[in-house]
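Student: Model the placement of chains R, G and B on the given structure of chain C, informed by the hints.
Protein chains: 4
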Amino acid sequence: MSYARQLLDAYPGTLNAGAGVLVAAIDALSDCAQACIADADDDLREEDLAEMVTCIRLCWDCADVCTATLGVVSRQTARDTGVTRALLEACVAVCKSCGDECERHAPHHEHCRICEQACRRCEQACRELLGALT
Amino acid sequence: MSYARQLLDAYPGTLNAGAGVLVAAIDALSDCAQACIADADDDLREEDLAEMVTCIRLCWDCADVCTATLGVVSRQTARDTGVTRALLEACVAVCKSCGDECERHAPHHEHCRICEQACRRCEQACRELLGALT
Amino acid sequence: MSYARQLLDAYPGTLNAGAGVLVAAIDALSDCAQACIADADDDLREEDLAEMVTCIRLCWDCADVCTATLGVVSRQTARDTGVTRALLEACVAVCKSCGDECERHAPHHEHCRICEQACRRCEQACRELLGALT
Amino acid sequence: MSYARQLLDAYPGTLNAGAGVLVAAIDALSDCAQACIADADDDLREEDLAEMVTCIRLCWDCADVCTATLGVVSRQTARDTGVTRALLEACVAVCKSCGDECERHAPHHEHCRICEQACRRCEQACRELLGALT
Numbered sequence: 001m002s003y004a005r006q007l008l009d010a011y012p013g014t015l016n017a018g019a020g021v022l023v024a025a026i027d028a029l030s031d032c033a034q035a036c037i038a039d040a041d042d043d044l045r046e047e048d049l050a051e052m053v054t055c056i057r058l059c060w061d062c063a064d065v066c067t068a069t070l071g072v073v074s075r076q077t078a079r080d081t082g083v084t085r086a087l088l089e090a091c092v093a094v095c096k097s098c099g100d101e102c103e104r105h106a107p108h109h110e111h112c113r114i115c116e117q118a119c120r121r122c123e124q125a126c127r128e129l130l131g132a133l134t
Numbered sequence: 001m002s003y004a005r006q007l008l009d010a011y012p013g014t015l016n017a018g019a020g021v022l023v024a025a026i027d028a029l030s031d032c033a034q035a036c037i038a039d040a041d042d043d044l045r046e047e048d049l050a051e052m053v054t055c056i057r058l059c060w061d062c063a064d065v066c067t068a069t070l071g072v073v074s075r076q077t078a079r080d081t082g083v084t085r086a087l088l089e090a091c092v093a094v095c096k097s098c099g100d101e102c103e104r105h106a107p108h109h110e111h112c113r114i115c116e117q118a119c120r121r122c123e124q125a126c127r128e129l130l131g132a133l134t
Numbered sequence: 001m002s003y004a005r006q007l008l009d010a011y012p013g014t015l016n017a018g019a020g021v022l023v024a025a026i027d028a029l030s031d032c033a034q035a036c037i038a039d040a041d042d043d044l045r046e047e048d049l050a051e052m053v054t055c056i057r058l059c060w061d062c063a064d065v066c067t068a069t070l071g072v073v074s075r076q077t078a079r080d081t082g083v084t085r086a087l088l089e090a091c092v093a094v095c096k097s098c099g100d101e102c103e104r105h106a107p108h109h110e111h112c113r114i115c116e117q118a119c120r121r122c123e124q125a126c127r128e129l130l131g132a133l134t
Numbered sequence: 001m002s003y004a005r006q007l008l009d010a011y012p013g014t015l016n017a018g019a020g021v022l023v024a025a026i027d028a029l030s031d032c033a034q035a036c037i038a039d040a041d042d043d044l045r046e047e048d049l050a051e052m053v054t055c056i057r058l059c060w061d062c063a064d065v066c067t068a069t070l071g072v073v074s075r076q077t078a079r080d081t082g083v084t085r086a087l088l089e090a091c092v093a094v095c096k097s098c099g100d101e102c103e104r105h106a107p108h109h110e111h112c113r114i115c116e117q118a119c120r121r122c123e124q125a126c127r128e129l130l131g132a133l134t
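Residue numbers (this note's numbering), protein chains in the order written: chain C, 1 to 134; chain R, 1 to 134; chain G, 1 to 134; chain B, 1 to 134.
Chain C on its own, in the form it takes in the complex (with noise of 0.2 Å):
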C-alpha cells in the first residue's frame, strides 16, 4: 500500500483536486511505470524479440512519462495548472499507445496483457484528474 493518501492528508494546504482523484492517478502512474520497465524487460526475453520492438520502445516511452508525470501531479504547493493539464494529456497519449500496441501481443504474451491493464487503468486515471483540477 502506498503511502499517497496519509501524505496528501498531512498536507499544510489546499490541494490541487479531491484527495481521492489524486491518489488514484498517483498509484496508477506509479504502478504503469514499474508495469512498463518490467514488461519491456519480459519482452527482451522473448523468443519472437524482433516482433516486440515496437512495444520495448512504448513502455520505455511510457515508463519515463509516467515517472515525470507521478512527480508533478504528486506536488501540491505553488502549482502550475497548464503545465499539470499538458503533462496529463501526454500522458493519457503514451498510456493509450502502449495498451495498444500491448494488447496486440497480449493473446501470446501474458506479461503484456498485464501491461495492457496498467496502462489502460493510468490512462483513466490521468483523464480522471484532467476533469477534476481545480
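Treat the hints as calculated values from the structure; they're not laboratory data. C-beta atoms are modelled at their ideal positions from N, C-alpha and C, and glycine is treated no differently. Don't take each hint at face value.
[Stated by the list, open to error] Sample of chain G residues facing chain R (criterion: CB under 10 Å; computed from the structure):
| # | residue |
| --- | --- |
| 1 | Leu44 |
| 2 | Ala50 |
| 3 | Ile56 |
[Unchecked claim] Far from chain R, some chain G residues (derived; all Cβ distances over 10 Å):
| # | residue |
| --- | --- |
| 4 | Arg5 |
| 5 | Asp9 |
| 6 | Gly13 |
| 7 | Gly18 |
| 8 | Arg57 |
| 9 | Arg104 |
| 10 | His108 |
| 11 | Arg113 |
| 12 | Arg121 |
| 13 | Gly131 |
| 14 | Ala132 |
Tutor: The following block gives chains R, G and B in isolation, referenced to the frame of chain C:
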C-alpha cells in the same frame, strides 16, 4: 495493488532472486520514491521552511536513487549482479540518511513521520534483496 | 560536447526530423534539466528562501519533464508522433512557466538568470522540433 | 555548452569538491545518460537484435543510474557524503559494465563505439570526483 508479482510470474526466464523478496523491494522502492517527492513538497509549504532544507535535499536524493534502483531491480534479463549490488548499497545508504532526517521532524510534522516509515521499509527491503541475490 | 550528433549519424534507420534540429533539442533538454536541478539547489541555500518556493517547485517540474522528453526525443525507432508532439507541448509549457519565474528572480540571483537562459533555449528548441517532426 | 560551471560559480555556499572536477562529472554523467538512451534505441533497429539484448539492458541501467547520480552530484546543499560516495561507486560499476559490453560490439556497430567512449569518460570522471569529495 502493483503488477510486480504478476509480471514476475509471467517472466519467461530465471529470476534474479525469489519472487517474494523481489516484489517486496519493488513495491517498497516505488512507494518510497513517491513518499519522498510528496514529503519534500509538504516541507516547502511549512512555516519552519528554513529548518527543512536538509530534509528537502535528502528526500530529493532518495527519490532519485529509489527510482533508478526500481528500474534496475525490476529488470531480470542479462543482469550484472555487481551493479545491482552496488546500487542497492547506495539505496540503503540514502534511505537510512533520509529516514534519520525525517525522524528528527516526525514529532512536529506528520508527513515526515510517514516518509520515515517509507524510508525504513525501503532500506529493509533493499537489505533483504541484497542477501537474496543469486 | 555531447554524443547526440554522432549517435544520430550512426542510427541505422530514418530519423524523426532533421539531425540538426534533433541535436539542438536533445542538448537543450539535457542542459535545461541539469540547470533546473542546480538552480533549485541554489535556491535552497538563499536567505530569502521563503520567496523561492515557487521557483524550486517549477524547477523540479521542469527537470522531470525535460528528462522524460529527452528520452522520448532521443529514441528514433518505432515512434508515435502524437505522443512526441503532446510531450513536447508539455515541455514547452513547463519551460515557459519556469523561465518566467526565474526571470522574476534574475535581478537578485545570478543562478536564476542562468536557469532562465536554459529554459528559454529549451522552450525554443522544443518549438522548433515540434515544427520539424515528420 | 552546459550551464554547470556558471551555476556552480553562482552557488551561494561551499562546493562539495573543486568546481572543475564537479563540472567534468556533471557533463560526463549527462552525456553518458543520453548516449546510453540513444545506443539502446540504435540496438533495437539492428538486424542482429538478438545479440544486442545485454547491451540494451545495460544501457538502460546505465542511463537510469547516471540520471540519478547527475541529480545527487549537482546538488551542493546539505549533502551526505556517504550517500554521494556509495552512488558514485554504483555509477562507476555500471559505466564499467556497460562500457565493456559496448566495446564487444564496437567493431561492427559505430553507435556502440561512441557509447563506449561516453561510458569510459563517465567512469573516469566519477572516479576522479570520488577522490576529490570533501
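Student: Determine for every hint whether it applies to the structure shown.
Tutor: Going down the list of hints, with the structure as the test:
1. Leu44: 5 Å, holds
2. Ala50: Holds, about 6 Å.
3. Ile56: For Ile56(G), the interface hint holds, since the closest Cβ of chain R sits about 6 Å away, which is under 10 Å.
4. Arg5: Arg5(G) clear of chain R: closest Cβ-Cβ about 27 Å, beyond 10 Å.
5. Asp9: 27 Å, holds
6. Gly13: 23 Å, holds
7. Gly18: The claim holds: Gly18(G) sits with its nearest Cβ about 31 Å from chain R, beyond 10 Å.
8. Arg57: 6 Å, violated
9. Arg104: Holds, because the least Cβ-Cβ distance between Arg104(G) and chain R comes to about 17 Å, which exceeds 10 Å.
10. His108: 18 Å, holds
11. Arg113: The assertion about Arg113(G) holds, with a minimum of 22 Å to chain R.
12. Arg121: 24 Å, holds
13. Gly131: At about 32 Å from chain R, Gly131(G) clears the 10 Å cut-off, so the statement holds.
14. Ala132: Nearest chain R Cβ is 31 Å from Ala132(G), so the label holds.
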